[in-house]
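Chemist: One-letter residues, chain by chain:
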Amino acid sequence: MNKNHRVPSNRSLSAVEVKSKFGAEFRRFSLDRSKPGRFDEFYGLLQHVHRIPNVELLVGYADVHGDLLPINNDDNYHKAISTASPLLRLFLQRKEEADHLAFGTDSLTRKKNTVLSAVLLRPDPNRKKPPVIISLPKDFRPVSSIIDVDILPETHRRVRLYKHGQEKPLGFYIRDGSSVRVTPQGLEKVPGIFISRMVPGGLAESTGLLAVNDEVLEVNGIEVAGKSLDQVTDMMIANSHNLIITVKPANQRNNIVRSGGGGGGAASGSSGRSSDSGASYYGYSSPGGIGAAASTPSHIIQNFHPEELESDEDDEDLVIEAGGEAELIPCAPSASYSMPSLPRYEPHLNLRTAAAASTSSISINANGTLPTSASSGSLGNITSTTPSPDRAMERRSLEEDGTVITL
Amino acid sequence: MMKFRFRRQGTDPQREKIKQELFAFNKTVEHGFPHQPSALAFDPKLQLMAIGTKSGAIKIYGAPGVEFTGLHKDTTAVTQMHFLPGQGRLLSLLDDNTIHLWELVAGPPREVGGVKREGMVCLQEVCSYSLPGRPGIESCSATRVTVLLLLRSCELLCVGTEGGGVYFLDLPRLSLKDGQTLLQDQVTQSLPEDYRCGKSLGPVESLQEHPQQPGKILIGYSRGLVVLWDLSTRHANHLFLGKQQLESLVWERSGNSFVSSHSDGGYSVWAVASGNPYTHQPVSSSIPYGPFPCKAINKILWRTAQSGSPVLLYSGGMPRASYGDRHCLTIQQDKEHVTLDFTSRVIDFFTVHSVELEKEFDDPSALVVLLEEELVVIDLQTPGWPSLPTPYLAPLHSSAITCSCHVSNVPPKLWERLVNAGKAQQGQQHTHRSWPICGGKNMAPLPKQQELLLTGHEDGTVRFWDASGVALTPIYKLSTASVFHTDCDPSDDPQDPSNDPDAQQEEEWPPFRKVGCFDPYSDDPRLGIQKISLCKYSNKLVVAGTAGQVIVLGLSDERSDHLVDVSVVDLLQDREGFTWKGHDRLEPRLKPAPFPPGFQPLVLVQCLPPASVTAVTLHAEWNLIAFGTSHGFGLFDYHRRNAVLARCTLHPNDSLAMEGPLSRVKSLKKSLRQSFRRIRKSRVSGKKRVQEANAALAEQEEVAPVQRRIEPRSADDSLSGVVRCLCFADTFLRDGTHHGPTLWAGTNSGSVYAYALEVPGVGLGRVCERSGAGEGSACAEAVLGKEIQLMHRAPVVSICVLDGRGKPLPDPYEASRDLATAPDMTNAHSVLIASEEQLKVFSLPKVSAKTKFKLTAHEGCRVRKVAMVVFSSTAQEDYSEHTLVCLTNLGDMHLFSIPGLRPQVRYDCIRKEDISGIASCVFTKNGQGEEKKSHEGQNTARDCSKVGFYLISPSEYERFSLSAKVLTEPLCSIHLDRPPHFCTLNVESLPLSLPGQTEEPPSTLSSPLLDTPLDSPLSCADLTLDSTGELTVEDVRDFLTTVDEAENNLKNIKEEEGRSTGILIN
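Protein chains in written order, with our numbering: chain Y, 34 to 440; chain Z, 238 to 1303.
One or more hints might be untrue.
Stated by the list, open to error - In silico BS3-like pairs for lysine-lysine, Cα to Cα no more than 27 Å straight-line:
(1) Y:Lys260 - Z:Lys1089
(2) Z:Lys650 - Z:Lys660
(3) Y:Lys222 - Z:Lys1149
(4) Y:Lys54 - Y:Lys128
(5) Z:Lys596 - Z:Lys453
(6) Z:Lys685 - Z:Lys714
(7) Z:Lys1102 - Y:Lys260
(8) Y:Lys222 - Y:Lys201
(9) Y:Lys260 - Z:Lys1149
(10) Z:Lys532 - Z:Lys751
(11) Z:Lys453 - Z:Lys282
(12) Z:Lys1149 - Z:Lys1089
It should be emphasised that the hints constitute simulated quantities derived from the structure, not laboratory data.
Bound-form chain Z, shown alone:
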C-alpha cells in the first residue's frame, strides 16, 4: 500500500522546466458552423459579418482568417445585432430583453511559444442596458424590445417595443433619453377617426431611417400603420394607413418611396409625397405567389441597380398549402425570378452593396443568407445568380459526422491533386468571384505544411478539409454510394444539383432552385462511414462503413469507368449457433460505374455478418488492410485481391453481437406490450389505483439513491468480441533476432492477438529462409503468434509497438523514403497496450510486462482515446519527446512519458458531460517528418501537429493544442475608425490600428470551461496578466515558471495528502 505513494515521481525541478517547455494547453479556434445561429449583422464599412447564436455567443468574421469570438455572460439567445459601422462596435439584443454593447479592444501583450506578441484584439462587452418596465406594470411585455434602429450618426439608438412605444437611447453610453420616448398614444391622436376604431396599433414591427434626411424615421406598427416621424420636431410628417398586417419595411434609396411586406404574403410600394399627410393606398401591391393563401414575407429588401430595374429580395411568401414547409428566399429583377430553396430555416439575410451617400444606386454585389445550418452567399452580379463557395463557416455536418481522421504534413503532390479534384467537382456550379466579406487582415503566417481533416458522414461521403489554418475550408468530397446499388439511381447524384435547375425552371412555379449543401437525410444508413485510414505517401485510402463494407481507393486524375472487385470475408468461420438478425449487406453494383477524378474505388471487401466496422488499418507498403467488426477481424491483400486471414473473436455467450442493432425492435415491442398491460392494470377502481400509486411511490423512494454494482468484469459481457484496434508493425514476434511484419488486434474484452505475417518481398528474417519454398505461391500469410488476455478484461483501446529506443515505429514508407529516422531494430522492442483501465508496456518477443500505469485504479477514470504525439521544446530547437496523450471519460488529458509511463501533466479539456465531444476527439499524429522540414523556418509558428479536434456541437470542431510551441490561432488586424468617446483604452490614436492576434481570453469569452483555469498554466497566467498590465518577455517567462511551480507544488501537496494512506483524517 505504501508503494502507491512512493511510486510517484518526485518533482525534479529540471524535469519540471522541461515539461513547461514542452506542454501547454490552449483552446485555439472553433472550426465549422456555429450551432443554432439566431442573428446576423454586417458592417459595410469594416466589411465584417457577425453571427449570434442561441447560446449567447457572438462570432465576427471578416476576410478568411479574421475571426473574433465573444460570449455573453448569460447563455440567452442573441435575437438581433447591429454594427456601429466603422467603429468596431456591436450592439446585441438578447432574448432576455437586454441590450449589450461590444467592442473590439486591444488586449494586453502576451507570450506564445516563446515569442512576444503584443496588442491582440479581442471582443469585449463594454456595457449593457435593459428597458425599465412601466411603473406599476410588473410584466415587461409592454417594454419588450421588438426592433432596434441605429441611426447613421451612431449617436442614437431607437428601440421599438411590444407595447408600441419607441424609446431613444444615447450611444455609446446606452442611456435612456428621458422625455423623448414616443408612446403610441401620441401617434394615435393624429390618426383619422375611421382608422383608429379603438384598437391598438400593435407592436412596433419595423424602424427605418430615411436614407436622405437624417432626422426622419419610418415607424411601422404591426396593424399596418406606417408613420414617417421627424425626430427633431417630434412630429409625424406623414401617415400611411396600411390595412394589412405589417412584417417589415425597407426604403428605396432615393427616399421617395418605401416597400412594406405583409403577413398575407404580399408586398406594397408606397410613395412618399409631401402634400397630403395621409396616404390610404399604396402605389402598387402584389402577392407574388398568390392567389391562394400564402405565408408571410418576413423580410424584404429593395435594392436599386444601375443596370436596370431594382432587385427585390424577400424571404417567405410561399403558398401555404403546397409549399408552406419550404424555406425559401426569392430574388426578383425584371422578369428574372428565382426562388432559392434551402434545406434549413432562413434566420436572416443582407446584401453587400455600396453605401456611400453620393452614389445613386445600391448596386448589390452579393446576397448573404444565414440559415439555421449553413451560410449561403449568392453572387448578384453574375447573371443567373450563382452561389459563391464560402471560405469559412463550412457546414461540417451537411450530413451527420460519423467519424473523423487527421492527416498532418500532407505531401504537396497529394495536396495539389486533391485540390484539383475538388475544383473539378464544384467547377460548374460556383463562380470564382472574390469573397465579398473581406474586413480585417489576416496576419498569420502561411502554414508551413498542409494538414487534412477527413470527416466521414452518414450518407457515405468522406469530406476532405484544409485544416492548415484558422479557417477550415472544404477541398474535396468523396462519395462511396456509387460503389453500391442503392434505391435511388446512382447516376444522378442527389448531392449534385448542377443539372436540374434549368430543367425545372420552365415548368415549375415557383421557380425553385436548390441551394446549399446541408442535407441531413441519408438515403441508406448502411452507407455511413465508420473508419477512415489514409496513406499519404501511396495515396491509398481505406474507408469502412456501417454495413461491414471496407473500400480501398486509389487516387487518380482521370475519369474512369470500371468495375470494382468484390470479396466477401466471413468472420464467423462457421461458428455455430449464431444468426445475424441485423441489416443486410449492401448490394455491390454489378455494372461498371463512372468515377470522377479523385479517389476511385479499387476493391470492396464485405464482412459477413455485415456488422459495422469498428477498426481499420492500412499498410500500403505491404498492400495489406486489416479490419475488425463486432465479430472478428480480417486481413486482406488488396494487391492480390485475396483474403489472408479471418479470425472470429466472439465469445460463445455473446448473443447480443449476433442479433445486430435492429433486434432492439423486438424489445420495443415487448416494452409496448408491457406498457399496455400496465395501462390495463391501472384501469381498476380509483381507490385501488391510489393505493397502488402510493405503493409504487414508496417503492421508488426505497430505490431512489443511485447505486452502482461492484463486480469485476466477467468474460460473458455482451459485445466482448468487438475488435477495438488494429495495428501493423515490423517487429520481433517470434524471437529476438528476426523481425518481420506483424498484425496486432485488440478486443473489447481485453484480448490481444498478434499474428506474424509473411508478406512476399518484405522482411529479412524468416521470410528469406523460407523464400525458396514460398516463391511459387506468392501470397501473404498470417500465423498466430501470441494471444494475450489482459486479466482485467478491459477493452483494448490502442496498441502501439515501440522500437529499441522506446519510440513508436514510423508510419509505412516513412522509414524507407527517409522521411523519418529509421526505427532501432538492434535493441529489444516492446509493445504498448492501452486498455480502458491501464496502460502497459510489454517486452517483445516474450511479452512480459515491463511497466504499467493503472489509471482507473488510481484516478477512477477510463481511457477513451490514446495517441502518440511528439512534443518539441520551446527552449531548445532540436529537443523533442514522444509522449502518450490519453483522453479519459472525464474529458481530461493525461500525458505520459514513454516507455516509462510516468505521468507528466494533466489538463481539463472537455466537459465530462460532453460525451459526443469526448467521443469525437481526434489527435493529430506525430510528425517526425515535419519536424525535420521546419528546421530552417523561423520558430514562431511551426505549425505541426500537437493539436487535436473535437466536436463541440454537431457542426463545430474545437481545436486545441497541447504543445507549448505550436498554436494555430487567429492572428489579424483591423483598421478601426472609432470616435474618441468614453472609452479609456483607445483615446490617443485615431484611427486606430490594432495588429495582433485574437484568442479567447478565458476571463470573458467563449470557453465553457471557465471554472477550471488552474490546470492550464498558460490561461492561468493570462488571467493574472490582465490585471498587471505590462510585462516584458522575461518577466512573463519567470512568471509562468513561478506560477506553474507553485501550482505543481500545490498539486503535489494535494497528492501527498491524497495518498497518505497511513493516517486518515477523522
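Pulled out of the complex, with its shape left as it was, chain Y reads as follows:
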C-alpha cells in the first residue's frame, strides 16, 4: 500500500486523483481505478496518510451531484472510486464528532458550516457515545407505543396513540366507574374513567396498548381526576392527533419488571400482540437503550423531540393561498349576483422548519415526496401500525388538485 503513496500525480486514466481533507489539512494521492482494493485497506491508508493511526474516522466523499455520501464498506468504496472523475474528494471526520445529518441530499452545500463547527468545537466528553447509524431520525414514522417507562410507577402505563395519516379510527370507548385507592385514611372508593370497549380494527385494539377496563389517569399530561366523562371525552378528542393516555391497566401481570438503574436493557412486556410489543423506548429519555435497540431489530425507536409534543398541530393547519396577483376575476356588473370563478390554488404547507415538518408523517416534504422511510430499514416489522402510504397519497392528491372542496 505504501507504494501507492506519494506517486506524483499521474494523470493517466487508470489512476484516480484523491484529495483527502481532515480538519484543516489536505492530503493528495492517487489510486488505481482498476484495482481499488478493499475498504479496510483504504481506511488504513487514510489513517496513514493523515498520520492519525488511532483515530476512528468517518469517511465521506462528494459524488457527481455534489452530495456528501459515506464510504464505510467495500461496495460504496468501489462506487466512489468508479464514479470519481477525475478527482475524488474525501472528507474525514472523527467518529465521535461526526455529524451524521451531514450526509444526504444537498449536504455539501450545507456541510461547510457543520464541518467547520466540527473542527472548531472542542471534543465534547458528553458526546462520547455516538448514535448508531441505522437511518436518519426523521425517516422514522412515529408509531403508537408505550412511553416513559422509566419515570412511571410500574403499575401504570403511558401509551401514545399516533394517528397521523391513518384512516384507522382511534377506536375505543370510555365510561364512568369507580376504583379503590389506598389513602392515609384507608381504602377509598373514588370515581374514575375507564376504557369500556374497543372497536375491532381500531388503532387502540390493533396496537394492543390499551385494554378494556383500564383506568384512565391522565390525558396528555392532564389528570382526569375530578373531570366529567364529557370533559375527558373532549380532551381526548381534542388531543386525538397525538393522544397520550396514562392508564392503570386492568391486567397487571404484564407489568415491566425493572432491574435497578433506569432500565438499560429491561424488557417491557405489553399485553396483547407481540408484533410491536418489545421494549419501547422514548428516544430522548433513555439514551442508554438505543444501543440495545440497534442491536435488536424487534425494538422500536422513536425519535421524538420533546418539543414535538407541542408542535403537533401548528404544522398541520392547512393554509391555501390564492396564487399571485393575476387571478382577479371581476364580477359581471349586470348580474344581480355573481360568483367570481375560483382561482387555481397553489397549495403549500406552511412548513416552518424542515425538521419539525418532516417528523409528522402527514405533512409532506417540501419537494412533495412522501417520507421515504415508511418502510425503511428496520421498521419492517411494525406493519400492523404502519399506515398505508397509498391512502395518504390519495389524500394528498385530493388536496392538490385545485378544486378545494375536500379539506
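With chain Y fixed as given, assemble chain Z onto it according to the hints.
Modeler: Structure of chain Z alone, referenced to chain Y:
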C-alpha cells in the same frame, strides 16, 4: 409533556394585583319578568309591590330602579304574600305550609369599584313558622293553610285552614296564641239546625277584617257560610247563611255591607244589619255572564268612588261553554263594563286606592294584574280604562326570544330617534299617567351612556330595550313580517289592538278587550329572527331570519310607502346532488307596503336554499353585508343592490344539511312504524313476552354505563358546512405592505376562508393601483385570498383581526369619525381564530401560527361564546386592557390576555346544566369611545360595557359584570316606619332611613350558584365581611388582596398538583 407544566405563567405578584384591579365577577340584576309567578302583594304605605314565584323567589319592586330580591331556602312555590304595611316586612306562605317573615335590613358596608358604599338594603328572612298538625292526625291537611289575614294593627295574623279552623299568630314573632284558636265546632254550635244538616262547613276560604271596627273579622267557609266574628269577645256577631259555594269576600268601605263571590260565577251583596243574628238572603245577587253555566269568580274587589257608583272588579266568571278557556278580568262601574281578555292566567290582582281611614271613598286609581307571563296595569281614573306601560317587569318573551344583541354607548341622536319612533308606536293605546307604584327612591346615578339590548323574536319582531339602568324598559318594536306576504293580512297588524276594541264592544258579549302583549303564537315560524347586527353610527340594521332572509333596514323619521328591493342569492352554486327538503322561502310582498317611522326595510336578500341564517355581519362604511347559512355564505352590496360573492361551504358527504329541518318528519314516521312493529311483536304469548322482557333487561344492564366514543373529528360530520362566524376587517391579506378590506368566514368543520375585497373608493393599497381599470364598473369585488383548515376540525366560533399593537380593530366608522384610536397599520397584523377547542393567533399575511391555547385539550371544556372586551383598572384611571372573554360549555368564563393568550382568571358564571342560559349569553362589546368620554365623569359608576346578559328563564335576563370597576346594580333607599320590636339591628332609629344599594349577598339570596363562592373573589369577601362587621375601605382592600392571593396560591398549588405528570399518586 413537561412543557404542559412549565408553559403556565408563574404568579407574578405585580400582575396579580393588576388582575384584581381589572377583573371581578358579579351578578348584578335580573331583567325581565319573573319566571312562573305565583303570588302578589302590595304595600299601600310604602308603595311597594312584591311578586313571589314558583321557585321560591320574592321580588319587591317600587319606583323604577328600586328592586329587592330574596330567595327561600326551599325552592317551593310562594302561594301568598302579605306586607306589614309601612314596616318593610313581608309575610310569605309557601306551598309546604310554612309561613316566613322577611325584612328589609341594612347590610354591612361594602366596597364596590374602589368606592365605599355603606348600608345597602337587602331582603332577609327573619323567622318562619309552620302550623303543627293536630295531635294524633298524621297528615297536616286539616291544618293546611288556605288564607292569611293580617290585621291592620300588624300584631295579629289570622290563619285559615283546610280543616275550617282559624289560628291566631302573634306578630312579628310568629308564635301561636294558645287557646285562641277558633275551631269549626264552635261556629257550628251557633248555627240553626236546618243549615247545619250534619255537614262540615269546609275549608276557610276568606278572612277579611272589618274596615271600621278593628276587632271584628269576617270568616267565609267554603260551603257558603260567612261569620262576622268578634275577636275580643270571641263570639259570632252575625251569621250569613249563604247556600252557594264561596270563593272570596270583600268588605264595602263603610263596613255596612260586603260582597261574596261564588263558584257558579255569581256574586252577592250582603247587608250587615245589627238586629237579627242570622241573615238568610243577600241584598242582591247576580251572575253577570249567565244564564248559562259559568266558571267561578275567584276574586272580587268592591271599590267605592267619589265620582259615582262603586267599581266592581272580579276575575273569572266566564260562560263555561263558550269562553271557559279565556283568562279574563271584569271591571264594572254603572253601565261601563269591560272584560279584559288576557293571554295568560290571572295569578292575582289589586287596586291602588286611598287607604287613609278618614277618607270616605276608596277612589281606586289603578288596577294591577299579575298574569302568569306579564304584569298589566290599568288606569282606572282615565275614562275608558286604558292600560299603563310598565317601566319594568317587561315581558321579554312576549314572543319567544330567538337571539339577542347588545349595543353599548349609543349615540344620543340615534337614541332620541328610537325613543320617538317608539312613542309614536304606542301613542294611542296608553295613557301617560305616572306609574302608580312608586315606593323607595332610586339613588343610582343617571347612566353615563345609553345601552341598547336588541332581542329577536320568533314572530319576526325585533325589540329594542333600554338596558342602561337597572330596569329594562322597552323603547321600540320593529316587525319584519310586513316585508313578506303572509297568510294573515299584513295591513292589520295582529300585534296592534288599538283599532278593534271599540268595534267589538257594540256587538259582542262579553265586551272583550285584548290586553297585554304576551303572544306566544307565531304566525309563521319562518319569520323568526336569528341574527341581528346594528351599526350605531350609520343607523343601519341587518336582521336575518329562519328562512334565509336577510333584511337591511335604515332609520327614518317619516312614514313611508315603498317597495323593498329583493335579491336572491344561490349559495349552492349548482352543486349537484342536493335537494332541499326543508321549508320554502318566504314570499316577498310585491306591492308597496306602508312602513311606520323607525327602521324601514331597504333591501331583502333571500338565500337559496332557504336555510336559517347562522351568521351575519355588516360593514356600513363599505355598504356590505355578509351572511352565512348551513350551505355557504354570501356577500352583498346593499348600496348598489348586487351580490358580490356566493360561496358554498358544503362537504359532499353532508346530506343532513340538504334535507333541512323538516326531514325529521320522515324519521318520526319511521320510528312510529318501528314502534308499531314492536307492539305487534309483543303480542305473542305471555310466557314469551316475559322471556323477551328479561332478555331485554339483561341487554339493558349490559349497556347501562354511559359510554363515550373516542374518535377524532372527521370531515364528514353532518352540518360541517354551517357558517359559524363572519367578520370584516381592514388588514393585510395579500402582502405585508398593502392593506385593504377583507372578509373572513369560519365554518363548523374548522375551515376559515379569507377574501380580499375591492370596495370602490375604499382602501389605499391595491385598489389605487387598479383604480384606472376599475373606475367604470364601480362595484365591489371579492377574491379568495386564503383558506385555512384547522386540523382539529372544530367549529370556528369567532374570528377577530388584531392590529399591530395586538388590539382588535375598531368598528366601522369609529376610526374615521375619531371615536376610537386608529388601528396600528404599521406593524404586522394578526388574526385570532377561536374554535370550539382552541384559541389561536396567526400572523398576517402569511398565516402562520403565533400563539395558541388549547382549551379543550387542557380543561376538557368547549368554547361557546367569545368576545373582545376592554377592562379598565380601578386603581389607575387611564389603564385598560383588551381581554378575550370566553364562555365554555361548562358555564364558566375564562379570561385571556391578547395577543399572548395567557389565561388570566376563571369564574363560574352559569350552571352547566343551563344550556339555554349558556346559549343565550351575550357580551357587551368593547367600548373605546365610551372610555374616552367618561373620563371627565366621576369614577363611581362608569357604566360602560364590561358586562353580559344571559337568559335564566324564558323571560328573564341575568346581568353580570366581569369588571372590577363597572357595576350596574340597584341602588335605592326606602323610608321605613318600623316599630322597635325584637329586631336587634334597627332599634335605635325611628323612622329608619336606609340609603344604599341592594345586591344579592350570596349567602342568603337568589343566586343558584351558591356553592361556588371560591371563584369569585368579591363574593367571597362578602361572605366574610358579613361576619366581621365594620371594616374601613383600606382594610377591605387589603383583605380582598389577601383573600385573592391566598386563593390564587391555593389554585396554583392545585394546578401544580394537577400538572405533575412525572409521579402519580398511587
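Chemist: Taking the numbered hints from earlier one at a time, note which ones the structure violates and give those numbers from smallest to largest.
Modeler: Result: hint 8 breaks, nothing else.
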